[in-house]
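Q: As a plain string of letters, each chain reads:
Protein chains: 2
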Amino acid sequence: LERQVASLEEYVRKHFPQAEYIVIKDVASGLKENRKGLRKLIDLARRRQIDAVVVAYRDRLTRFGFTYLEELFKAYGVRVVVAFQEEPKDYMQELVEDLIEIVISFADKI
Amino acid sequence: LERQVASLEEYVRKHFPQAEYIVIKDVASGLKENRKGLRKLIDLARRRQIDAVVVAYRDRLTRFGFTYLEELFKAYGVRVVVAFQEEPKDYMQELVEDLIEIVISFADKI
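Sequence order for the protein chains is A and B. Counting from 1, position 29 in the first sequence corresponds to residue 74 in the working numbering; the numbering is continuous, with no gaps. Counting from 1, position 25 in the second sequence corresponds to residue 70 in the working numbering; the numbering is continuous, with no gaps.
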């Protein structure tokens with residue numbers, strides 16, 4: 046995670062040299078809709094305290110519903126920027142963990 | 046689907062007797078983020094032409110990211126009402142179809 050933050054900070058300094066920024070980290074899976082960091086991001090957007098959200102990877106913001114969140118931020122005039130297209134090393138592990146969680150959540154509904 | 050619309054109309058007439066309403070149907074899975082009906086709903090909300098969205102079931106609005114959509118509609122002053130808690134008869138089939146689609150989409154990422 047620390048390495049991801051470092052490369053994201055580098056990205057922001059390079060592409061938005063004038064921008065002030067804060068770092069928000071979420072360790073929870075992108076499947077969880079009620080993550081603390083995400084809640085904070087949405088609050089900042091609602092209070093018009095940010096102009097853009099820069100995430101390392103698309104799945105980092107959310108596993109599902111990315112377009113919904115993008116639309117939500119847009120409603121508050123906030124742009125969503127995805128910094129990196131390549132997937133990180135632990136990508137496969139995250140994918141498998143998320144898939145297992147999905148199967149469990151579906152099993153709960155039966 | 047027609048039966049679902051009929052019971053939803055009955056619900057709206059009972060709970061919001063004064064309300065004017067339009068019916069929007071989506072046949073696509075609640076997994077798809079880019080459904081035509083959903084796009085139309087969001088457009089109506091953005092143009093402040095609706096006050097509330099009434100869906101038959103939570104999963105009908107979206108399989109994942111319900112809270113994101115709820116938040117998006119709230120940003121436009123639109124309330125989301127879930128009419129029925131019980132699941133319809135074809136619920137299991139939908140669940141299985143969605144799960145298969147998820148597994149396929151995860152497999153595509155590998």
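None of these hints come from the bench; they were simulated from the model. Take the hints with a grain of salt, since some may be wrong.
[Claimed, not checked] One side of the interface only, derived from the structure: several residues of chain B facing chain A at Cβ under 10 Å:
hint	residue
1	L89
2	R91
3	T107
4	E116
[Said to hold, decoys possible] The calculated DSSO-like cross-link candidates involving lysine-lysine, where the alpha carbons are at most 27 Å apart (straight line), are:
hint	chain 1	residue 1	chain 2	residue 2
5	A	K119	A	K81
6	B	K154	B	K77
7	A	K154	B	K154
8	A	K81	B	K119
9	B	K81	A	K119
10	A	K77	B	K59
11	B	K59	B	K85
12	B	K81	A	K81
13	B	K70	B	K81
14	A	K70	A	K154
15	A	K70	B	K81
16	B	K70	A	K119
17	B	K70	B	K59
18	B	K77	A	K77
19	A	K70	B	K119
20	B	K119	A	K119
21	B	K77	A	K119
22	A	K59	A	K70
23	B	K59	A	K119
24	B	K85	B	K70
25	A	K119	A	K154
26	B	K77	A	K81
27	B	K154	A	K77
28	B	K70	A	K154
29	B	K70	A	K85
30	A	K119	A	K77
31	B	K119	A	K85
32	B	K154	B	K59
33	A	K119	A	K59
Positions of the beta carbon are idealized from the N, C-alpha and C atoms, including for glycine.
Q: Each of the hints needs a verdict: does it hold here or not?
A: Tested hints:
The beta carbon of B:L89 is not positioned within 10 Å of any beta carbon in chain A (closest approach about 13 Å), and the interface hint is therefore violated. Annotation: B:R91 was flagged as interfacial toward chain A, and the flag holds, the nearest CB pair being 7 Å apart, inside 10 Å. The beta carbon of B:T107 comes within 7 Å of a beta carbon in chain A, closer than 10 Å, and the hint placing it at the interface holds. With 10 Å as the threshold, the beta carbon of B:E116 comes within range of chain A, its nearest partner Cβ sitting at about 6 Å, so the hint holds.
Among the hinted pairs, A:K119 with A:K81 is consistent with the structure: their alpha-carbon atoms are about 20 Å apart, no more than 27 Å. Under the criterion of a C-alpha separation no larger than 27 Å, the hint pairing B:K154 with B:K77 is consistent with the structure, at around 17 Å. Simply put, A:K154 and B:K154 have alpha-carbon atoms about 26 Å apart, close enough for the 27 Å limit, and the pair holds. Taken as a hint, the A:K81 and B:K119 pair is honoured in the structure, with Cα atoms around 19 Å apart against an allowance of 27 Å.
Taking the CA atoms of B:K81 and A:K119, the gap is near 19 Å; set against the 27 Å cutoff, the hint holds. As the CA atoms of A:K77 and B:K59 are separated by approximately 35 Å, the hinted pair breaks the 27 Å bound. Between B:K59 and B:K85 the CA atoms are separated by roughly 25 Å; this keeps the pair inside 27 Å, and the hint holds. Between the alpha carbons of B:K81 and A:K81 the distance comes to roughly 31 Å, so the proposed pair goes past 27 Å and is violated.
Proximity of B:K70 to B:K81 is assessed by CA-CA distance (about 9 Å); at most 27 Å being required, the pair is judged to hold. For the given pair, A:K70 sits about 31 Å from A:K154 by alpha-carbon distance, which is inconsistent with the 27 Å threshold. A hinted pair counts as satisfied when its Cα atoms are at most 27 Å apart, and A:K70 with B:K81 does not qualify at roughly 34 Å. The straight-line distance between the Cα atoms of B:K70 and A:K119 is roughly 25 Å, inside the 27 Å bound, and the hint therefore holds.
For the hint linking B:K70 to B:K59, the alpha-carbon distance of about 20 Å falls within 27 Å, and the restraint holds. A distance of roughly 18 Å separates the Cα atoms of B:K77 and A:K77; the hinted pair therefore holds under the 27 Å criterion. For a cut-off of 27 Å, the pair hint linking A:K70 to B:K119 stands: about 25 Å separates their Cα positions. With a C-alpha separation of about 13 Å, the suggested pair B:K119 and A:K119 falls inside the 27 Å cut-off, and the hint holds.
Annotation: proposed proximity of B:K77 to A:K119 holds, straight-line Cα distance about 20 Å (limit 27 Å). A hinted pair counts as satisfied when its Cα atoms are at most 27 Å apart, and A:K59 with A:K70 qualifies at roughly 20 Å. For the given pair, B:K59 sits about 35 Å from A:K119 by alpha-carbon distance, which is inconsistent with the 27 Å threshold. Annotation: proposed proximity of B:K85 to B:K70 holds, straight-line Cα distance about 10 Å (limit 27 Å).
Taking the CA atoms of A:K119 and A:K154, the gap is about 33 Å. The hint is violated against a cut of 27 Å. Between B:K77 and A:K81 the alpha-carbon distance is near 26 Å, which keeps this suggested pair within the 27 Å criterion. Of the pairs offered as hints, the one joining B:K154 and A:K77 holds, with about 20 Å between alpha carbons and a cut-off of 27 Å not exceeded. Restraint check for B:K70 and A:K154: satisfied, since their Cα atoms lie roughly 24 Å apart, inside the 27 Å limit.
This hinted pair does not check out: B:K70 and A:K85 have alpha carbons roughly 34 Å apart, beyond 27 Å. As the CA atoms of A:K119 and A:K77 are separated by approximately 21 Å, the hinted pair is consistent with the 27 Å bound. With a C-alpha separation of about 17 Å, the suggested pairing of B:K119 with A:K85 holds against the 27 Å cut-off. The straight-line distance between the Cα atoms of B:K154 and B:K59 is roughly 46 Å, outside the 27 Å bound, and the hint therefore fails.
At most 27 Å may separate the alpha-carbon atoms for a hinted pair to count; A:K119 and A:K59 meet this at roughly 23 Å.
Hints 1, 10, 12, 14, 15, 23, 25, 29 and 32 from the earlier list are contradicted by this structure; the remaining hints agree with it.
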